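Enquirer: In case you want the letters, here they are:
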Amino acid sequence: MSSPSTDSGADQQRLALLKDGIWKPLPLIRDARWRWALNAAVLLYIVLAWLSVDVNWSRVAQGMDRGVAFMASFLQPDFVTRSGEIFTGLKESLTMTLAATVIGVLLAIPVGLGAARNISPLPVYLFCRTIIALSRTFQEIIIAILFVAMFGFGPLAGVVTLAFATIGFMAKLLAEDIEDTQKEPLEAIRATGASWLQWVNYAVQPQVMPRLIGLSLYRLDINFRESAVIGIVGAGGIGATLNTSINRYDYDTSAAILLLIIVIVLMSEYLSGYVRKWTQ
Amino acid sequence: MPLIQQGDQPVWKKREPLKQYAHWVGWMVGGMLFVWCWAIISENTIWEFLYDADEQAASLIGRMIPPDWSITGSLMRPLWDTINIATVGTAMGIAIAFPLAFLAARNTTPHPVLRAVALAIIVSSRSINALIWAMLLVTIVGPGSFAGMLAIALRSIGFVGKLVYEAIEEIHPTPVEALSATGAGRSQVLAYAVWPQIMPAFAGICVYRWDINIREATTLGLVGAGGIGLQMNAAINNLAWGQVATVFVLIFATVVVSEWVSAKVRHAML
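Line order of the protein sequences matches chains A and B. Numbering follows the working numbering, with no gaps: position 161 of the first sequence is 161. Numbering follows the working numbering, with no gaps: position 27 of the second sequence is 1027.
This is chain A alone, in the form it adopts within the complex (with noise of 0.2 Å):
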């Protein structure tokens, strides 16, 4: 709320403008000048980026060719001729997704127990923050780069990408979720002289169970979307048949994969909102 001294020109005019039945909402910055600099501002922002890019539309011209008959495949994708290859990389995106957000959803649970400020001294929490912001910062296909590089090429890479980058997004929402769970069970149960696993066995699982499922099924959808894409630096799974077929024009195989990533991706999100309403 800006003072009424500096727009009270403005008000005054809306008044008016009110009176003879002409009515205008109120506009969401107040101050006239504030309101001119943003809009230059994104105005110039908006053509420094665009001078930034050199688009050469001959190329896009060329391409479109490309694009309607990437479209057109959509319409006629070919599951066949390449099915020994998409069935093999589909096990083997379903079988790290599913050992990948297990092997990480029980790593990410002491992890989020000692980043959750109210159970955990603060040594322990800082410990913990500094390995969820590393697990957070780097997308996974960077993650990948050096796993593989690491482990050699083939899906136990990608496993362990995945599993690292599950640690990081459970561990982060169960701290969150943990410090903001009611302080009178925890107080009770303690009172009890249970012990500290008892505690959290009786006292804070309860609370953050459905959240804590409801977010594994949430991660197992994001791990399986991300295990088509690890695939391209070497790491297993769907991604590496996909980027063949892609490289190679080949866009009928590529529709039919990217087909079936979108009819898992909807079952699976069917699925998790099934088991969400019954868990809770």
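A couple of the hints might just be wrong.
[What the hints assert, rightly or not] Sample of chain A residues with no beta-carbon within 12 Å of chain B, all distances over it, derived:
1. D20
2. L28
3. R30
4. R35
5. D78
6. A100
7. E179
8. A188
9. A191
10. P210
11. I230
12. G239
13. I257
14. L258
15. E269
[Said to hold, decoys possible] With a straight-line Cα cutoff of 27 Å, these simulated DSS-like cross-link-like pairs (lysine-lysine) come out:
16. B:K1162 / A:K183
17. B:K1014 / A:K277
18. B:K1013 / A:K183
19. B:K1019 / A:K277
20. A:K277 / B:K1264
21. A:K183 / B:K1014
22. A:K183 / A:K277
23. B:K1264 / B:K1162
Honestly, the hints are just simulated from the structure, not real lab data. Since we're looking at a predicted model, the values are computed, not measured. Glycine is no exception: its CB is placed at the ideal position from the N, C-alpha and C atoms.
Since the structure of chain A is already known, use the hints to place chain B on it.
Expert: Frame of chain A, contents of chain B only:
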């Protein structure tokens, strides 16, 4: 909370016996599924690669430290491109997602058929990672930032569209009814009853997506779609791990700054 008579003493158990068995069976099936998955992965892994994994890791980190700071200057232009890819891509995605969300929301859609189409677009855009969109677009519009922007936009449509249409479905119906009762037209109801209710959520969603897009834009160069990822890819292919480390540090700094900006903006909006 069942009490079970054991001898002459009642014993408290967490679950009914039958439910308890069902739980155990569920855990067993889950465990078996995990072991089966692990067996498949283990089959496809060349374990010989792992014998020297610790040496590989040590040498990798050894070559990354210290980072090769001499290339920092030449990385500024790609970094600016990366930020542009994320920002312009987000803006394009929002521009398409916004009308789509109104078509997809149950309470504002003009027709159920249009709603189904809008939902299908949102789901397909959301299921496919920006990197895959980028791979496709590089073959269609050619390598460079433009493909990256389009990829970011295509991926953002689904994300922004889904969250905004859920926000629209959660609005209070009373203002809508009140405005309709005054005889307001469809677009007036949308502008003065629906829009003010979803605006804070909308702003938050857009900034959140921008933050994610900055992260994603850093990797698009791996498939040739512009930005700092191009330099990272080149450095990795040359095995110049010192340069890779410099890129990592820059990415880390950019992500931290973008996260800070998005937190500030969301705080100011809500």
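Enquirer: Give a verdict on every hint.
Expert: Structure-based check of all given hints:
| no. | hint | verdict |
| --- | --- | --- |
| 1 | D20 | holds, 19 Å |
| 2 | L28 | violated, 9 Å |
| 3 | R30 | holds, 15 Å |
| 4 | R35 | holds, 16 Å |
| 5 | D78 | holds, 16 Å |
| 6 | A100 | violated, 9 Å |
| 7 | E179 | holds, 17 Å |
| 8 | A188 | holds, 16 Å |
| 9 | A191 | holds, 19 Å |
| 10 | P210 | holds, 16 Å |
| 11 | I230 | violated, 9 Å |
| 12 | G239 | violated, 8 Å |
| 13 | I257 | violated, 9 Å |
| 14 | L258 | violated, 6 Å |
| 15 | E269 | violated, 8 Å |
| 16 | B:K1162 / A:K183 | violated, 35 Å |
| 17 | B:K1014 / A:K277 | holds, 22 Å |
| 18 | B:K1013 / A:K183 | holds, 25 Å |
| 19 | B:K1019 / A:K277 | holds, 19 Å |
| 20 | A:K277 / B:K1264 | violated, 34 Å |
| 21 | A:K183 / B:K1014 | holds, 22 Å |
| 22 | A:K183 / A:K277 | holds, 26 Å |
| 23 | B:K1264 / B:K1162 | holds, 24 Å |
When the structure is compared with the earlier hints, violations turn up for hints 2, 6, 11, 12, 13, 14, 15, 16 and 20 and for no others.
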